[in-house]
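S.K.: Chains as they are written, first to last, in my numbering: chain H, 331 to 541; chain P, 19 to 141.
Because the hints were derived from the structure by calculation, they are not lab data.
Model, not experiment: these values are computed from the prediction.
Take these hints with a grain of salt, some might be off.
[What the hints assert, rightly or not] With a straight-line cut-off of 30 Å between C-alpha atoms, the simulated BS3-like cross-links for lysine-lysine are:
id: 1; chain 1: H; residue 1: K476; chain 2: H; residue 2: K499
id: 2; chain 1: P; residue 1: K102; chain 2: H; residue 2: K499
id: 3; chain 1: H; residue 1: K499; chain 2: P; residue 2: K39
id: 4; chain 1: P; residue 1: K84; chain 2: H; residue 2: K491
id: 5; chain 1: H; residue 1: K476; chain 2: H; residue 2: K491
id: 6; chain 1: P; residue 1: K39; chain 2: P; residue 2: K84
id: 7; chain 1: P; residue 1: K84; chain 2: P; residue 2: K102
id: 8; chain 1: H; residue 1: K499; chain 2: P; residue 2: K84
id: 9; chain 1: H; residue 1: K491; chain 2: P; residue 2: K39
id: 10; chain 1: P; residue 1: K102; chain 2: P; residue 2: K39
id: 11; chain 1: P; residue 1: K84; chain 2: H; residue 2: K476
id: 12; chain 1: H; residue 1: K491; chain 2: P; residue 2: K102
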Amino acid sequence: MSDIRQFQTHPEVEIATESPLAYSRQRSGAPAITVSSQVMLRERPFQGHLTLRGGAIVLDEALRHVLGLSLPSQPHGLNHDDSGERSVQWLAPDEWLLIVPGGEEFSLETRLRDALGDAHVSIVDVSGGQTVIDIEGEMAHAVLMKFTHYDVDPTVFPVGKGVTTGFAKTSAILRRSSASRWELVVRRSFADYLYRWLLDAGEEYGIGVER
Amino acid sequence: MFHIYCPYCEEYREEEEFHPKGQAHLSRPEDPDDCSDEAWGDYLFFRDNPRGIHHEMWVHAQGCRKFFNITRHTVTYEILETYKMGEQPTITAETNTARPAATASSADDRAATEVKGAQGVQA
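Take the sequences, apply the hints, and build the full model.
M.R.: The structure is reproduced here in structure tokens:
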């Protein structure tokens with residue numbers, strides 16, 4: 331049992347919450363998906379994001395025990411559970427990003443801390459600081475090429491890889507969860523900027539936003 | 019633009035993602051309260067500025083955010099190797115002059131003569 335204090339970020343009473351892109355959708359609009367759309371955007375807000383730092387072996391054991399999910403052992407690894415809703419990604423040799431459905435993160439953190447005991451690790455809830463944007467469609471990689479100097483050609487960026495890299499003059503986490511879907515994990519404060527950039531870059535491919 | 023190999027990400031990344039952080043392998047005096055002002059001043063303020071092989075610390079700022087070391091040639095800007103923190107370089111000014119295939123052999127020769135000259139001054 332750990333003696334670290336935790337903070338439940340979800341209030342007990344119902345209050346209105348807005349996604350990091352709520353303002354952008356209102357201000358910049360959200361073009362509809364049409365038959366000619368070759369790129370589609372979808373925000374998946376309000377998920378639980380936990381940053382895990384520490385030794386790979388202890389964290390791997392705890393995560394297997396609690397979630398049945400193993401830490402990616404190789405750089406840029408990205409593992410999903412069977413349902414595909416929970417994922418853990420390599421960010422650095424001692425740092426991983428765990429994304430779970432919203433509302434699960436607090437109990438998960440508690441269970442992880444119990445499993446970890448006194449191990450020298452850090453678990454930080456960063457759910458409020460970032461959001462996930464899915465990019466799908468046949469021309470998704472062509473849009474991404476305008477953003478980043480990283481090679482996003484589908485033949486060299488395999489499914490199950492995730493990188494942190496320079497992205498439209500800021501940085502973002504870019505990952506490929508399936509053959510057709512790319513995911514962007516962006517900071518909340520850059521979400522509006524990147525959303526507008528995405529709309530602009532995808533205009534020629536008839537970009538549409540799923541509502 | 020350079021492609022720099024990050025030893026932690028284990029792949030080449032664009033130069034934009036990195037920042038140089040100065041000379042590598044500086045060791046802090048073990049007992050700062052009990053070392054000479056000169057030794058402390060050297061540690062704090064004085065850095066090597068060689069013509070030729072230089073070991074530098076860099077950070078992969080937009081990637082894994084880890085510090086690592088680069089052995090770089092300050093004349094040709096050639097990056098000869100990158101290695102993790104705590105490791106020792108395999109290429110140094112001494113070993114590189116013996117290396118036949120250096121692209122900057124003339125620069126190395128110049129560096130070598132200057133080292134000799136410096137020793138002459140000291141003597």
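S.K.: Would you mind marking each hint as holding or not holding in the structure?
M.R.: Do the hints match the structure? See the list:
no.	hint	result
1	K476/H / K499/H	11 Å, holds
2	K102/P / K499/H	27 Å, holds
3	K499/H / K39/P	21 Å, holds
4	K84/P / K491/H	19 Å, holds
5	K476/H / K491/H	19 Å, holds
6	K39/P / K84/P	12 Å, holds
7	K84/P / K102/P	9 Å, holds
8	K499/H / K84/P	20 Å, holds
9	K491/H / K39/P	29 Å, holds
10	K102/P / K39/P	14 Å, holds
11	K84/P / K476/H	26 Å, holds
12	K491/H / K102/P	23 Å, holds
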